[in-house]
Amino acid sequence: MKKNPYKVLGIKEGASYDEIKRAYRELAKKYHPDRYQNNPLADLAEEKMREINEAYEELMKNAGNYQYRADYEESYNNSNASQGTYKQQYQQQQSGSYSYNTQYQYQYENESDLENKVRMYINNGNIAEAQRILDKMKNRNAAWYYLQGLVFLRRGWYDRGYSSIQRAVNMDPANFEYRNALNNLNQQSTGYRHNNYYRNSYNSSPDMCNLCVNLWCLDTFCECLGGDLISCC
Amino acid sequence: MFGYVEPDKPELKIREYDVFRGYYCSLCKTLGRRYGQFSRLTLNYDLAFLYVLLDSLSSLPIRGKIQRCIVHPLKKRFILFSNNFAEYASDMNIILMYYNLEDKWNDERNVMGGSGTLALKRAFKKAKKRHPEKCASIENHLTRLSDLEKQGCDSVDEVAEEFAAIMRDIFECESIEDENDRKALGWMGYNLGRWIYILDAYEDIEKDVKNNSYNPLVSQYGFKGDNIKDFKESIREKVNFALTYSLSEVEKAYSLLAIEKNKGILDNILYSGLIVRTDKVLQERGIKDEKESL
Numbered sequence: 008m009k010k011n012p013y014k015v016l017g018i019k020e021g022a023s024y025d026e027i028k029r030a031y032r033e034l035a036k037k038y039h040p041d042r043y044q045n046n047p048l049a050d051l052a053e054e055k056m057r058e059i060n061e062a063y064e065e066l067m068k069n070a071g072n073y074q075y076r077a078d079y080e081e082s083y084n085n086s087n088a089s090q091g092t093y094k095q096q097y098q099q100q101q102s103g104s105y106s107y108n109t110q111y112q113y114q115y116e117n118e119s120d121l122e123n124k125v126r127m128y129i130n131n132g133n134i135a136e137a138q139r140i141l142d143k144m145k146n147r148n149a150a151w152y153y154l155q156g157l158v159f160l161r162r163g164w165y166d167r168g169y170s171s172i173q174r175a176v177n178m179d180p181a182n183f184e185y186r187n188a189l190n191n192l193n194q195q196s197t198g199y200r201h202n203n204y205y206r207n208s209y210n211s212s213p214d215m216c217n218l219c220v221n222l223w224c225l226d227t228f229c230e231c232l233g234g235d236l237i238s239c240c
Numbered sequence: 015m016f017g018y019v020e021p022d023k024p025e026l027k028i029r030e031y032d033v034f035r036g037y038y039c040s041l042c043k044t045l046g047r048r049y050g051q052f053s054r055l056t057l058n059y060d061l062a063f064l065y066v067l068l069d070s071l072s073s074l075p076i077r078g079k080i081q082r083c084i085v086h087p088l089k090k091r092f093i094l095f096s097n098n099f100a101e102y103a104s105d106m107n108i109i110l111m112y113y114n115l116e117d118k119w120n121d122e123r124n125v126m127g128g129s130g131t132l133a134l135k136r137a138f139k140k141a142k143k144r145h146p147e148k149c150a151s152i153e154n155h156l157t158r159l160s161d162l163e164k165q166g167c168d169s170v171d172e173v174a175e176e177f178a179a180i181m182r183d184i185f186e187c188e189s190i191e192d193e194n195d196r197k198a199l200g201w202m203g204y205n206l207g208r209w210i211y212i213l214d215a216y217e218d219i220e221k222d223v224k225n226n227s228y229n230p231l232v233s234q235y236g237f238k239g240d241n242i243k244d245f246k247e248s249i250r251e252k253v254n255f256a257l258t259y260s261l262s263e264v265e266k267a268y269s270l271l272a273i274e275k276n277k278g279i280l281d282n283i284l285y286s287g288l289i290v291r292t293d294k295v296l297q298e299r300g301i302k303d304e305k306e307s308l
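Heads up: the sequence lines are chains A and B, in that order. Those letters in the first sequence? Residues 8 to 240, by my numbering. Those letters in the second sequence? Residues 15 to 308, by my numbering.
No lab work stands behind these hints, which were simulated from the structure alone. C-beta: ideal position from N, C-alpha, C; glycine also. Just to be clear, a hint being listed does not mean it is correct.
Not everything, but these chain B residues come out facing chain A in the computed CB check (under 8 Å) [as the list claims (entries may be wrong)]: (1) Lys197; (2) Glu265; (3) Ile289.
Make a model of the complete structure from these sequences and hints.
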């Protein structure tokens with residue numbers, strides 16, 4: 008059964024273009040694959056994203072407005088861009104690792120082959136196997152710490168995961184991937200703290216202090232422009 | 015260890031507050047009906063949250079009645095009719111609280127723990143009969159947890175894992191038919207358990223150092239016996255990350271659930287209540303005073 012596209016986007020039937028667009032943007036941000044990296048629920052988020060895209064596409068198609076259609080395509084491509092590269096990487100890794108499968112004895116493989124293998128297992132969600140290979144690797148370089156960090160995060164061991172990735176960054180500060188991962192971690196946690204609900208409830212109410220500062224600023228600006236708002240100061 | 019998951023009351027609408035309390039009272043009554051009056055004393059907010067969450071996944075309307083109960087004899091209150099989720103949450107409440115009391119008795123010979131265990135024995139047997147597999151799995155994790163604690167394990171992640179796994183078992187309710195929802199619930203429970211365990215450990219640092227009992231944070235970060243305030247201050251950032259990141263994962267799982275009702279209440283808990291609770295513990299604002307000022 009096909010779902011009602013309005014319901015999928017969480018809007019009323021007959022909502023305006025802007026409303027549809029806003030709802031779509033909001034949801035696309037929420038279920039963006041970047042947010043579900045290293046998360047066992049990534050496949051559910053992907054499915055949700057597909058549902059949202061379909062719903063949006065259908066609403067836009069019915070609308071038949073080319074301007075909005077173009078807008079949509081732009082944002083759709085943006086949101087899928089990272090997913091696309093991700094898939095590409097994934098395929099590369101898969102095809103790359105295919106040939107190693109014939110070699111069963113790890114000692115004949117060099118370290119970077121093992122690294123690729125670990126990456127493949129992480130992407131497949133086979134965390135136990137990834138950990139097993141990591142334990143066998145002798146060379147504990149930045150890449151090793153990075154991959155170990157990813158495995159920890161996937162298991163839910165955030166404290167150790169963070170330290171491992173931090174260590175990888177310290178060992179190889181120039182590496183973009185490691186730094187990116189670390190930033191992403193910090194972003195996820197601060198992002199959660201700065202969610203709309205919390206922000207609206209705790210920062211939105213005007214208080215006296217705010218009012219005074221605003222008045223003072225206004226007065227200063229007025230004086231700069233030659234006028235005066237509060238004549239006594 | 016329990017009762018950390020609660021709404022951010024000042025931000026709730028009055029209607030939402032009434033409905034939340036309606037769920038809470040309904041769970042309390044269900045406990046009384048199924049497990050006897052004494053069991054009602056063990057009710058905690060975490061399980062009330064579970065009840066609201068599970069019930070919100072079904073699209074049936076909220077139905078209840080304004081009535082009296084023995085706990086609040088003076089005023090009539092809106093109390094929801096019990097359903098299978100209330101029964102599930104009440105079973106889980108008994109199971110968790112029984113193990114918790116038993117643990118207290120075994121570890122510290124706590125009198126409350128001992129007498130509570132005796133009083134809950136019958137109720138626990140009944141609940142165990144209803145969920146034999148869940149109990150077996152929980153017992154498994156508890157044994158491993160107490161082994162790790164005895165060894166003085168110095169990785170907070172490793173110890174928290176066992177407690178988190180228990181919460182995953184509790185949240186993965188079989189009566190939820192949608193497999194995806196169950197998976198998301200499990201991950202939510204897991205991360206919530208992790209958050210509860212670490213938050214509890216941070217809150218108990220002083221007490222544990224004084225009683226010379228095990229605390230994963232003290233072991234991991236090697237408290238040397240100098241100023242305890244400085245120690246807590248020095249690890250605050252790290253603990254904050256572990257807690258907030260766990261919560262962000264809880265939120266990710268939550269946003270994948272097909273919530274049909276009570277969105278206001280759940281959003282309040284997920285996006286505000288949990289943060290407020292975390293900050294209360296991390297910043298050590300007097301929880302007692304806080305309540306009075308509200």
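Comparing the hints with the structure gives:
1. Lys197: 7 Å, holds
2. Glu265: 6 Å, holds
3. Ile289: This hint holds: B:Ile289 lies near chain A, its Cβ roughly 6 Å from the closest one there, short of 8 Å.
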